[in-house]
Structure formats: structure tokens, C-alpha cells
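Chemist: Listed below, chain by chain, are the residues.
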Amino acid sequence: MIDKIKSLAQGDNLPRFVITVFLLLLFVIAAILKQPIGVLLGDSLVRYGMNGILVLAMVPAIQAGTGPNFGLPIGIVGGLLGMLISMEFVPQTMFMHQWVGLIVAIIGAIFFGAVFGWLYGQLLNRVKGSEMVIATYTAFSFVALMCIAWLVLPFKNRAMIWPIGKGLKNTITMENTYGGLLNDFLSFKLVENHATGSHMFLFNKTGQYITDTYGIESAIKFQIPTGMILFFLLFCYLVYLFINSRTGVAMRAVGDNPKFAESSGINVNRSRLLGVILSTVLGAIGIIIYSQGFGYMQLYNAPQTMAFGAVAAILIGGASAQKAKISHVLIGAFLFNSLLVVSLPVANELVPAGGLSDVFRVITTYGVILYALAKVGGKTNA
Amino acid sequence: MNVLEMKDISKDYFGNRVLKNVNLSVKPGEIHALLGENGAGKSTLMNILFGMSVIQTTGGFEGEVSINGQPTNIVSPHQAMDEGIGMVHQEFMLIPGFTISENVKLNRELTKHNLVSAVTRNPRMETIDIARNAKDARAALDKLDIGIDEYTRVSGLPVGYMQFVEIAREIDKTGLKVLVFDEPTAVLTESEALNLMDAMKKLANEGIGILFITHRLDEVIYCADRVTILRDGEWVATKETDDTNVVELAELMVGRKVEILPKDKKVAEDADIIMSISDLHVNMPGETVKGVDLEIRKGEILGIGGLAGQGKIGIANGIMGLYPTTGSITYKGKTLKLNDTKSTLDSGIAFVSEDRRGIGLLLDSSIEDNIAITSMQVKGQFLKKAGPFTLRDKEAIREHANQMIEEFDIRCLGPNQFSKRLSGGNQQKVCLARAVTLAPDLLLVSEPTRGIDIGAKKLVLDNLIKLNEEGMTIIMTSSELAELRSISDRIVIVNEGKVEGILHPEDSDADFGLMMAGTYNKVRGGAK
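Protein chains in written order, with our numbering: chain A, 1 to 382; chain B, 1 to 528.
There's no promise every hint is true.
Here are the simulated DSS-like pairs of lysine-lysine, each with C-alpha atoms no more than 30 angstroms apart in a straight line [what the hints assert, rightly or not]:
#1 K259(A) - K337(B)
#2 K458(B) - K259(A)
#3 K128(A) - K498(B)
#4 K143(B) - K259(A)
#5 K379(B) - K466(B)
#6 K325(A) - K342(B)
#7 K334(B) - K498(B)
#8 K7(B) - K177(B)
#9 K201(B) - K135(B)
#10 K259(A) - K334(B)
#11 K420(B) - K325(A)
#12 K27(B) - K202(B)
#13 K379(B) - K298(B)
#14 K323(A) - K379(B)
#15 K323(A) - K385(B)
#16 K259(A) - K379(B)
#17 K290(B) - K259(A)
#18 K259(A) - K202(B)
#19 K342(B) - K323(A)
#20 K394(B) - K325(A)
#21 K384(B) - K325(A)
#22 K259(A) - K384(B)
#23 K4(A) - K420(B)
#24 K205(A) - K221(A)
#25 K337(B) - K128(A)
#26 K298(B) - K334(B)
#27 K202(B) - K143(B)
#28 K4(A) - K394(B)
#29 K325(A) - K385(B)
#30 K202(B) - K420(B)
#31 K34(A) - K221(A)
#32 K259(A) - K7(B)
#33 K27(B) - K143(B)
#34 K239(B) - K259(A)
#35 K259(A) - K466(B)
#36 K290(B) - K522(B)
#37 K457(B) - K498(B)
#38 K177(B) - K6(A)
Simulated from the structure, these hints should not be mistaken for laboratory data.
Let's have the full structure, built from the sequences with the hints guiding it.
Modeler: Here it is as C-alpha cells:
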């Protein structure tokens, strides 16, 4: 028994073990503080679905040997472009405009993700060995550069641009497009009407429907965002298929030992490029899913730090800077996002000063990344 | 009295005996050459002399070292320096951006008082006395008859001069009794080497004992007074150079019992040529190939031997296109595309690398993936259709891996064990299994038995013979001459990036020794 626990807490699994224990502890405290566990669990699932594909985007990059993709914001910008184009050109009068809008956005995201990923991959192939630091600052510069682009791109849709002056808004609501579309698709919701105290179980209903029908005093007590979770799992399966294809196996060999790959006739640079492009495209699609769950798309500096949460999540899931599996994504995304959801009310209850839960989020995120990076350094020095 | 005396020195690394009762003595004013193949134990002996930590941390050594007749126990390089033992390194340990005088006096600088040191009375605060340091350096350089200015920066110097700066640094140290030269001529041109040896003679005349490590036989004859020969960690002989000659030294260096494994068939001298190589240049760092011409016959085992760093390893790596290569290779009547690993693999050539852990294996992958991956990439094997997707065929890989594990007797916990957890010998079998899975007509094997135990060694060699009997042509590169002689049909000896000559396993030890030392053509008049 003790050996079993020890083996669970060893090496790359250590962060996963610590976070799991901590998460369970938080749930216990939340229960003692009489926090609504159902709501917390439901919100955890929502955040899980929203962030899942962004975490999944780490897998091809790590497997191709370029390390966790700290350049994820580059893909995110590609996804934002896809969403903006979809919003500009898909009229809300169209039949099934929400689904069409989502699909157009995804197609745009794949296009821009592939183009940006190709360029970014060219860069990473020239800086082998220091990908992670260079990726971070490439992303920072790119996000800053795009801040100018958001101001000057010729978008015309009134919902997206500032009423006065020029340029796109900071946050653009997706209420009238496909915001919440996947969250609500095939979803299960338990709703409580505060006024009457009655509970109600709703299937496949949007938040708008609940407000309109039961009034604004109704609140969701528990929910399963089925569509979004299914979409995430579908992408996990697609990536799983890819990494078990001939090309995927070659990519993993490159990540494991580039010299070996070369002596097996594998084109190392092409495999790395493919991994980076795939990661960037997944990042682009990931932000669409994230935004539709959030209800808003955020431009300008918002993408800048989004890579860190995704990196921390996959590392918590048991991955290292050199090894990552789909299971690490599934476990890590859940642990990390649940942690953020549960820590918020608990921290607020214990220290009413406020803001503590965000401090906590930052400590966890950067702490885990630091742990993983220190381990990479330790290996090369040994 | 001997200035240095090493008596009955024995050393083992984890039960592996690398030195057995070796004796070595150096008289004052004598140049004593230490001769031996790679792995004969020269470096270990020097590590003991200098008290390197690798010796202390692996359990010390047996035997006795005396300096000037005083038994001493040297436990650190610093102590060795204090005892008056100096070393001129093979790779230059100089700081390029410093001047010659700064390099010579590094960490032993003469200093003078300044205001701060006068007040604090702390010698660490004193200023470096550049003029006095330069004077010392000048004196040392003059002793060597080197006219170069002591204020010149080291970075621009020709290689030959750098060596002299190193020597100047050593002789500047007071109380130098023994100076060790570790293969100093390896990087020098012939005339530079002559200069160096003249300088060595001059130093010896001043009463310093010189220990000269080399594998160039004619240099031994030219400048040494006595020579000690090591082989496989054992002392073979110590001779006066006046009483011996190059041929005898070569024989002593190489000679050992060779067990020729039985082979059922001999390859006829006029068998078809499967590959012909002409003017091959390979730019592999440390193993440069400088123009090799070679013909490989169908069905033979061709051995490639030679000393480390002479370029034998580069040939197979060049054929595989792993390092920048020029020249031309014809394989089965067609020109082989150079610098293109994929097309070499496609044409039916497989490679087992000399760097097992660095290139030969995916250490963090399972045995079965290691075995299957190259064939999957090159030949599209081990794949299956699943709807619109083509995926790796786990069952087929497992089945093939199990078969290979049995065939090559790979000792493991199962086909999904990570390859990094295997012993060296079993890792080598995995590498071999991977190459054989490609079903090549020509197999290149480099250093197949390096770092593996005797039992595994025999299994690997037996497997090579078996594959050869089944019709596979094999080119085996190895540092172990005995092993090459035991299974090859012909053996090519490479020296200084070129083919020195081709021998048969039965040829004499002296011939092998002369060829490896690069003096064969001089001694035997170039005839073969």
C-alpha cells in the first residue's frame, strides 16, 4: 500500500500526486464551509471542456521534441482571426447561423493556425535546444504586434468595433452568435428558482431560455456541458489516431532521439515543423471552444499568458517537458481547472481580503512550470 | 635512481580488470615511450599517476608509486603537481584570449604591492607584475628555442606553437621532475612533430624524465631511450630502443592469440562486387575520412580496423549519409545518393551505430517499438488500415518483437520494457534486431561489442556469422582487432583517414601492428 502510494508520487507524477491530494483537501474544506459542491463540480466540468483543447495542443509539440508549446498565444491569435472573420461574414439571419458560424470560425482557425504554425516552426527549427524561452518571447512579441493589427484590420461589423473611433473592441460578446452553443448542446442542467425554491431538471436548454422562462432569479445548481466535453474528447481521439500513424510515430521518434530518427531516414526538421503546426492549429481551435464557453472573445493582451495555464495543466497531468500522452491531458486539464474553481470560494471564505485565489492560481501555474523546467535542467547537468 | 617508479600497478573498474601488475620506471634525463593500442591501459596508468578522482571514486588501485625513490600516495592532480609531475595535454588547455605569458603563468602569477594591498596587508589584493611574468615566460620559451613574442595572444597561434606554450607552462613550474606527453604529435604535421621531439630531447638533457605516450612507432625509435609496451592492461615488455625495431614493436603491441571462429564458406577472391567506394571523404568530427577507395564483395564479412580517431568509424557513417560526405559510391551497379539516409535505407542497406545509446536506440521507448520503427518508416511495414486512417499495427509489432527476442536471445522482461533498462549487450541485440528487421542485403555494423560482456559478445558475433551465412554482406567496423580477425574474410586497416592496406585474418601480428601505426608502407616498401 505504502509502496503503491510512493510509486504514484514519483518523478513526473509528483506534481499530479500533490495536486490531487490538495484538490481533495479543498473539496473537504469547501464542504465544511458549506459551499455548494454541485455547483463547484459543474463549473469544474465547464472549465474542463473550455480549456481541454488548449491543453491538448501541448501534446504534439512535446512529442516532436520542441517542449511544451509556450508559443500557444500564436495559435490563439489565429483562432481569434477565424472567429472575427466568421462574425463579420456569417449573417445572423442565416439558417442555423450558430453552427455555420462555429464551423466557419474553425475553418478560419485551421487556416491561420497552419500559416502561423509554419512560420513559427521555421523559427523553432533554427533555435534547437532553447525552444521554450524563445517560444515565450516570440508569443509575447506576436501578441503585441497583433495589438496594432486589431486596431487597423478593416472589420466593419458594428458588434465588433468601437462605436467611436477605429479598431476592434477589447472584449466582443458572442451572445448573438455561437456563444454557449456547445455548452448547451445535449447539456444537463439542474436549475433552482430562488423565488419559489423549486428545482427543475433541464435538457439541452440555453441560459437565455432559463432566464426568459423562469426569470433572472433562477440559478444553475449543477450542469454537464455535454457538447463541449464531447467535442474535446473527439479531438483527443483525432490526436490519438495521429500519434499512432506512421507520421506520428516518426514525430515521436524525433522528439525522443533526433539522431536516432535521422539514422532511420526520418526528416527531423519536417517532423518538428509538423508537430508545431499541429500544436498551433489545436491552440487556434482551442480558443474558439474556450470563447464560446466564456461567451466573449478577448483581444489585445488577453492571449499573452494563456499558454502558462495549459502548460501547467499538462505537467500536473504527469507529462514532462519531453514526454506527454493523451491521458496526461485528460487528467491534468481536470485537476488544474477544478483546482482553480474550488480554490476561489474557499480562499474567499478563509481570507475575505479578496484576490487571494488569483494569487493562488499564479503560484500553482508558475510553480508547476518551474518544477518541470528545473527537472529538464537537472537531467542535462547530471 | 629512478625519478619515477610505478610497481605492480593493478586496477579494476567494478570487477573489470583494466591493469594487471604493470611496471614502469623513468630515469632522470630519459625519454621513455609508452606504447599500446586503444584500451591497452595507458590512460588508466596516467590517471593513477596524476591522482585523478576517477581512480579514487572507484576504489583506488593496488601497487606502489615512488618519486625519487620516495613512496608516495598521490590522491589529487594538485598533489601530483606539487610532487613535480607535469603533463602536456593532447587537447590544448590554453585560454585563447590570453597572451602566451598569461597562459604560462596562469594561477601562479608573480605580484607586486599596491596601495590597497599595502594598507590591507593582504597578498590577494596585490597587482600582477606583468613585466616579471613576461620575463619568466621568456626564459621558458628560450629553453625551448622558440623565438615567438611572449605577448602574443594564443588564439592566433598555429597548432604546433600551442603545444610549445603548454610545455613552457610546465617547465616554468619549479621542481619539475617528470613531464608526461600524452600523444602530443597526433595533431601535428611531420615537421612540427620533429621540432617537438627535438625540444623533448633538450628537456631530457636538463635532467627531466620524460614519459612519451604515442602509437607512432617511428617516433619511438627516433627519440626515445627506452620503451614500455602495454597490451590489454598487461605489461608486455620494456626495451632499449637501440635493441629493437619498428617491426618488433608492432608485433609486441598487437600480438595476441586469435581464435578464428569456424565459418562454413569462404568468399572467393573473385566474387561479385556489391559496393564500390571511391574517393570517399566524410567530415565526421574526430573520425574524418580523407579519400577512401574500397570494394566490397558480395557475401563477405569485411572488417574495418584501425586506431581511434583515424577515420574508420567515419566510413559507415558516411555511407549512411549521417555526416557530410563527398566522393562516389556504387551499390549493386547503381550510384548511391550521398547525404541522404532515407535513400540509402531504401536501397537495402542497414546500419548498427557505434553510439548505441546516443544514436542506436530510443531509450524511452519499448523494445518492440525500437525494433519495428525503422522498418515502419522505411518500408511501411507494421501498419494496418482502420477506416480512412493508417495506424501502427500493435499486434504485428508484438508478434515480430517476440520472434526477435527469441532469435537474438534478448534478456528482458517482455517486449514492452523500455530499452534504457536493458544491459549493454541486450541493447546491442535490440539494435541488431532492428537492422535485421529491414532485411538488408548489406549490413553495416560499428563497434558491435563495445562495452558488453564476454557472453553477449560471443552471441553478437555468432549472430553476425549466421546472418552472413544466410547471404547478408556485412561490413564490421571495430576497435578490437582480435574480434575482426576472428570473423572477417578481409580486414581493411584505416590510418589518417585513408586505407593503409588490406590484410587477411591469418596475416602476421607485425603486419597488423605496422599498418595500424601507419608505418607499414615505409617498412615493407609499400608492397602488399
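Chemist: Which hint numbers doesn't this structure obey?
Modeler: Violated: hints 3, 4, 18, 30, 32, 34, 38.
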